[in-house]
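Asker: With the hints as constraints, model all of the structure from the sequences given.
Chains as they are written, first to last, in our numbering: chain A, 1 to 411; chain B, 1 to 188.
Be aware that a few hints might be false.
[As the list claims (entries may be wrong)] When the alpha-carbon atoms are kept at most 30 Å apart in a straight line, the in silico BS3-like pairs for lysine-lysine are as follows: (1) A:K288 to B:K96; (2) A:K244 to A:K42; (3) A:K297 to A:K389; (4) A:K42 to A:K387; (5) B:K140 to A:K138; (6) B:K167 to B:K106; (7) A:K387 to A:K288; (8) B:K96 to B:K140; (9) B:K6 to A:K209; (10) A:K389 to A:K288; (11) B:K13 to A:K209; (12) A:K387 to A:K297; (13) A:K138 to B:K167; (14) A:K244 to A:K387; (15) A:K288 to A:K244; (16) A:K387 to A:K293; (17) B:K106 to B:K96; (18) A:K387 to B:K13; (19) A:K389 to A:K39; (20) A:K389 to A:K293; (21) A:K389 to B:K13.
Just so you know, the hints here were simulated from the structure itself, not pulled from any lab data.
Here is what each chain is made of, one letter per residue.
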Amino acid sequence: MSLEGMRGKVGILGFGMSKFGPDLSRQDYTHYAAVAYTKALKNSGISPDDIENVVYGHYNPLFRGQIMGDIYVNETIGMELMPTLRVAAGGATGAAAIDAGVTYALSGRADIVLVLGFEKCSDTYNFESGEGISEALKAISFSADTVWEESLGFTAASSYAHTVNAFIAEHEGHPDDEEASIIAVNHHNNALLIPEAHCYGQEEYTVEKVMASPMISSPFRRGHNCQISEGAAALILITEQKAKEMGVADRVVWITGIGCSTDTGMVGLRPTISEYRCGTIAMHRAYKTAGIKNPQKELGTVEIHDPFAHVVYMAIMEVGICETWQETSRLIRDGFFARDGRLPMNLSGGLIGLGHPVGATNIAQAGWLFLQLTGQAGASQVDFSDKRKTAALKGMGGPGDCYCYGIVMQY
Amino acid sequence: MALSVKAAREIAKRNNIAAELILKAAAVEISGGARKDDVLRVPFRIGITLNRSMAHASYFFREIRDNGIFYGGKCPACSHVLFPPVRPVCLRCIRKGELVEYEPLKIGTEVEGTVVAVSKLVRGTSKDLGKGVRYPCLVKVDGADNAHWQFVLPTENREPEVGARVKSVLADQEDRTGEVGDFSFRLM
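Answerer: What follows is the structure, given as structure tokens:
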């Protein structure tokens, strides 16, 4: 099995993103989507007329009170009459949009595809309490089954905590508070090197600081959590044949594997609660397509969906980097996944540091893999001279993390 | 947020990169749009009122609200049991392509079960979501093939934990609304 279509392989030619932040209210969402789009255009070197298809990633219309905001982004960036598609898959919306864009290109329907993810969330506000985050969390809670779970006060944190706590109970207390904090420190501090990151300009995390931060939903402390962000990110995808015709094939990071799996949204309907089955299945489908047999040795860097640091620990096993919790704990403590480690993780900062404007998140993570592999990552750049230029992305989301996408790319 | 020159130098030193790169990056901020002090915000409420049908589960909610009696759903073909009856058709039979509706399974005025997953919501992230400690759990009711998301009330000395036995608690009759919040669980 290989990921080749009518016009050969498909890869990433360009990337751009807006600032990710808690409040971009100076700009309408159409505005920062346009910023990401034009930056991706410039980065790729193509013109708007080269684009033949657009896929939008946008998760939650309740954030803005605007259904189908993709239409208004589409007309803002001059793409009217273009074939377009909007996808939504909870936190994995960006990865789903990449999947759809790659599929369009593989099918032969388009040689160059724009994948543009965006999210607006700072409009959520409760005038009585004077708070915004609670309204954003409420908007997210409507992803849960509204008859059986949302109406009880469902939150993403409690949903994740069910699975994480069950995992911890089965793995002798791991990840423990310190291991999760090491992960959070790595990701947050990586984002301090990226000016567009939500956490850019903030103080560095230390393990001690994270472990001293308040508990939100056990075992998650505030320092273990992702950010609630808004912003936009864009990728330019291109087929192999078109890249050769344009003489840009040497700049393309090829997407060599994609896998997807969707589990039940209600965790209580699953046969096991202590794992994300869909994560393991999606990643192994991606590896099978890409021909990856030993992820720990064959990958040079990874981007993991990290809404909570503990989920990353589980993902390290799901994505096949470690087979046992003992090895996972050892590698985390030994700095294997740190910036200067053998397999640096979430150099983008991930959801914890870069931020989580849902529809744009996985697109930005893929974009930073592209920048790292092609040596365009600026202050964030790591040295790949002793690493393979092969990377993997794991995106996940939805109630109970029911959606999971694995993406493998190679330069 | 602007980064001080001192902070940029410290970050650069720790990461063994040129401070100029950090300072250059620090200059990148949101450009365009309204001036920060000129952003106008206006209240907006999505004023849609729903009159929700509980459809196949109407009997479940009505019986709890009006009579304090719990029902599950049982497949007449394969005996698969759901508590509560969250889906209308048998989740086991549909995998074989068979459409079989669950039938009401009367349990009684209380149900017992086992906690299979716990989360401890230590503090609300805002006053709007409530403060204090709450325990959203997954509870597998005896005889059911699924687990149910529901709050479990602690006792003075015990917190809910995996494996704990629990019993249903009905809301006061006048407070029942025909929704899933009409009951919860408490530790036995």
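Asker: If a hint holds in the structure, say so; if it doesn't, say that too.
Answerer: Okay, the hints, checked on the actual structure:
1. A:K288 to B:K96: Holds: A:K288 and B:K96 sit about 28 Å apart, inside 30 Å.
2. A:K244 to A:K42: holds (19 Å)
3. A:K297 to A:K389: Holds. A:K297 to A:K389 sits at ~12 Å (cutoff 30 Å).
4. A:K42 to A:K387: Answer holds: A:K42 to A:K387 is near 28 Å, not above 30 Å.
5. B:K140 to A:K138: This hinted pair holds, its Cα atoms lying about 26 Å apart.
6. B:K167 to B:K106: holds (16 Å)
7. A:K387 to A:K288: Holds. A:K387 to A:K288 sits at ~21 Å (cutoff 30 Å).
8. B:K96 to B:K140: Status holds; Cα separation ~25 Å.
9. B:K6 to A:K209: holds (21 Å)
10. A:K389 to A:K288: holds (18 Å)
11. B:K13 to A:K209: OK: B:K13 and A:K209 at ~21 Å, within 30 Å.
12. A:K387 to A:K297: Status holds; Cα separation ~9 Å.
13. A:K138 to B:K167: At roughly 29 Å apart (the allowed maximum being 30 Å), B:K167 and A:K138 satisfy the hint.
14. A:K244 to A:K387: With Cα atoms ~26 Å apart, A:K244 and A:K387 stay inside 30 Å; holds.
15. A:K288 to A:K244: holds (26 Å)
16. A:K387 to A:K293: holds (16 Å)
17. B:K106 to B:K96: Judged against 30 Å, a Cα distance of about 27 Å means the pair holds.
18. A:K387 to B:K13: Roughly 24 Å separates the two Cα atoms, so the pair holds.
19. A:K389 to A:K39: Holds - the C-alpha atoms of A:K39 and A:K389 are around 24 Å apart, at most 30 Å.
20. A:K389 to A:K293: Judged against 30 Å, a Cα distance of about 16 Å means the pair holds.
21. A:K389 to B:K13: holds (26 Å)
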